Amino acid sequence: MDTMEQLLNVENLKTYFKLMDSTVMAVDGVSFLINRGEALGVAGETGSGKTVTVNSIMRNLPLNAYVTADAITLEGIDLLSLSEKQLHSVWGKKIAMIFQNPTSFINPLFTIEEQMTDVICFHEKVKNKQAVKTAREMLVLVGMPDPDVVLKSYPFQLSAGMIQRIMIALSLSCNPSLLIADEPTTALDVTIQAQILKLLGDIKAHTGGLILITHNLAIIKDICDRVVIMYAGKIVEWGDVHQVMYLPMHPYTKGLLDAIPRLNNQDKRLRYIPGNIPSAIDPPSGCRFSPRCMVAVPICFEQEPPMCEKVPGHFVACYVIRKERGI
Amino acid sequence: MGMVYEIREKSNEKTSEHPKTKNTVLRQLWKNKLSFFGLVVIVIWFLIAIFAPLIAPYPEDAIASSHIENRLKSLSTEHWFGTDDLGRDVFSRVIMGSRLTLSVGVLAIFITMCIGIPLGAIAGYFGGKLDELVMRITDVFLAFPYLILAMVIAVILKPGLYSAMLAISLTWWPYYTRLVRGQALSLRKQPFVLAAKMMGLSNSRIILRHILPNCIGPIIVNASLDLGLIILATASLGFIGVGAQPPTAEWGLMISEGRQFFMVAPWMGIFPGIAIFLTVLGFNLLGDGLRDILDPQLRPR
Amino acid sequence: MNVLGYIRRRMMLFVLVLFGLSIITFTMVHLMPVDPVIMWGGEKASPELIARVRAEYGLDKPLDIQYISYIKNIFKGNLGVSITTHHPVAEDIAMFFPATLELVLVAWLIILLIGLPLGILSAVKAGGKLDNIGRTFALGGISTPLFWLGMLLQILLFKQLNLLPLQGRISDMVALLNPIKHITGLDLLDCIISGNWIAFRSALEHIIMPAITLSVTGMAMVTRMTRSCMLEILNKDYMIMAKTYGLPKWKIYFKYGLKNALVPIITIASMAICGNLMGSILVESVFDWPGIGLYATRTILQADFAPIMAVVLIMGVIYVSINLLVDILYSVIDKRIAYGEEQR
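Residue numbers (our numbering), protein chains in the order written: chain A, 6 to 332; chain B, 64 to 364; chain C, -7 to 336.
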């Protein structure tokens, strides 16, 4: 039982998209929770359902998407039951999101100042002058040089790294309880990546909670307290970040960690997980990972393994581990 | 020139992902009911044009003939669309006129493409001063409203149906030049073009085998939409009097003649107009459908 | 960002294109199948007379000198003389142009006031009933020949229902009894200014059919284009961003969406007015509307070419000027344009 305050609780989230002649089960029964002051990493390949999961929490999905869940609560508010109008007051104020490609997510025709003050004025209900001050403070907070110049600039005059900082500043400007960062550094150079990640790590203190989505496991270790590993719309393993990363239990997690190239790797070849992610329209029966798993046993192909707590705070869904641990 | 934001509802100079085979295109057209309907309409018109002398009860009325005693008669079983001021059967003239409309339309777009596409390919591929020159010339041509430019050219060439056709081609080529030039410009920096150059392929080879095939998609979409516009333009020139000349059974000319008698014999002008409408509609529907298939990023969902 | 610098560069391009325009019109004048001197002299004129007239008008000089005097003449306002009206073309055009302007503007207003909202609504409610009906009508609209539509309206509203007058700009009786005081040349406006309501009513009755005819095709195109542009913008990432930061819907649409849409809308509006200008040639023919389109078509059929060449030149200049204006407007709204030019 957690003694810390629960920030976000997601239970049995399922999201599917209706296409013309088929249905894509993008997220198929995902549950997790975040406590106040925690950073949760969500890792997985492209197509594992990470982005769809957070978009489902945000309810920012296209019209052909259907979301069901036993519960999605943020600070006790049931997000599923909110009307569109109510959602608008939650977005930005309670949850803020940073996206992958910063340059396309900012409006090219308005100055930074205009865009930031619009959000601040709306949520904080302050006058323009005050909003400009807040915007400037936020820019300083994210380490932006020459904040006054930046405020008056247009997006095309700034680099992608700067814009991502601006997005982070914008997210923080309304003091959200939850900050979601969806692959915030994927579109940036490696050097800028490091800066932004450090920023996110520093920022953790300012927000209630952080969800960091990425396919790059290395960065999760630095910032996150806990990590969720997703595969084909399901969570296969989750728990304390050090436990999962150093003592992974699920074969997929092990494969992912093995695949990280290391300088001191004795082998000449890169390690990889053979095969491809399964179809989201017609997933395999049993464990989703079974077709690619090296250690799969017959039951893996027949029944989906349930999630169980092997070690306190460390959950995994795998039959093979159960066997190893004699359960 | 100038119009930085080109909204001709065409592609954003991206290469098409992979060439769609004829079968996939047809199958996707079938799925889109409206554009398939357009295709059907066009096929019907082509069939009508081919078999016109057999369909029209009085095919000679389309050329030179007059039956003054029969003039301005209303719709009847012998004359489904009535007769005109010279007693000619309007139905036959409309049917026979389809031959002119379709052949002129197809020829016009063919000539347009023959002028416009090579110019555009050369301009875009070679770039530099050549490109500048071609683009300036294109800009100047596009600075005129095409109808009035076509009027003047048709008069210079001596008014007639084929002068009109040539005139329209001479005003229309810039659109294709711009289209192809845009594609060529973005394609020539692509690795596969550089690779071809390294292999020693001649420039004309590269243009023919690598650049042009990638432009086919937008070209086809534009061509089918333009056919409709060209037919309208030809009819407009016929209406004004610098296109087809009497006694040709060209639809635009027929409407102009019908206008003078609209009080007593409205059918003279109405039916040719319906014919134009149906033909152009067919091409527009087809063009829309093709654009959805070949330029999916523009599909209005 | 040097917006002024961009404007300066753009003006130079403008002048260049005008130059190109004049060369083309000049070439066309000289390609005309009729020798103006022979037209002037008639068939009976003797060769010596012809040669003398030619020399007198400088028609035997080399082409480049002729071109220079052509340009000089244009700047002096000398566009030739019309054989049919026996007036200087410039005078004729001054007389006919306001009518075309009025028709084009009224049709343009109709197009924008109906087409733009319809297109925006179609995009916002994409896939809905309104959208489908609108798209069907739009498709029909662009497939209809203008001149045929005009005739149909005349048959319906004049012949069958006798609601509206057949042609012309104002009824003769009214012109006689309640003449309009010409201030701007735009009859409707002049009537309002001088309070001449009888003439206003007549002018209105006369302009309805031509304006509607002219606006149909334009409205169809504007609706379609606005719809597709709006759809593109509504799906852009930065609009999603505005939504996810909780900004209210009205603000997203009317502040952000609108400004982003403003650029394509300006393009659409300018294309609509250019299309109207071109379509007016046909519509004026159908309705005997005394504008430069009618002037050009009537004279060209009489082998009188000076008027049409002047009209071609004027329309070209108008087109190019509208383009210039539009580009300048763009650079003010979207600073990237001025910036992009500098980068090159």
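In case anyone wonders, no lab produced these hints; they're calculated from the structure.
All values derive from a computational prediction rather than experimental measurement.
Don't take every hint at face value.
To be verified - So the derived label-pair ranges between C-beta atoms look like this: (1) B:123 with C:177: 32 to 38 Å; (2) C:240 with A:223: 47 to 53 Å; (3) B:166 with C:153: 44 to 50 Å; (4) A:27 with C:132: 44 to 50 Å; (5) A:85 with C:153: 41 to 47 Å.
Unchecked claim - Sample of chain A residues at the chain C side, in silico, Cβ under 7 Å: (6) 22; (7) 65; (8) 109.
In this text, a Cβ means the ideal position worked out from N, Cα and C, and glycines have one as well.
Evaluation of the provided hints:
| no. | hint | in the structure |
| --- | --- | --- |
| 1 | B:123 with C:177: 32 to 38 Å | 51 Å, violated |
| 2 | C:240 with A:223: 47 to 53 Å | 40 Å, violated |
| 3 | B:166 with C:153: 44 to 50 Å | 39 Å, violated |
| 4 | A:27 with C:132: 44 to 50 Å | 35 Å, violated |
| 5 | A:85 with C:153: 41 to 47 Å | 59 Å, violated |
| 6 | 22 | 16 Å, violated |
| 7 | 65 | 6 Å, holds |
| 8 | 109 | 4 Å, holds |
Going down the numbered hints, you'll see the structure goes against 1, 2, 3, 4, 5 and 6, while the others check out.
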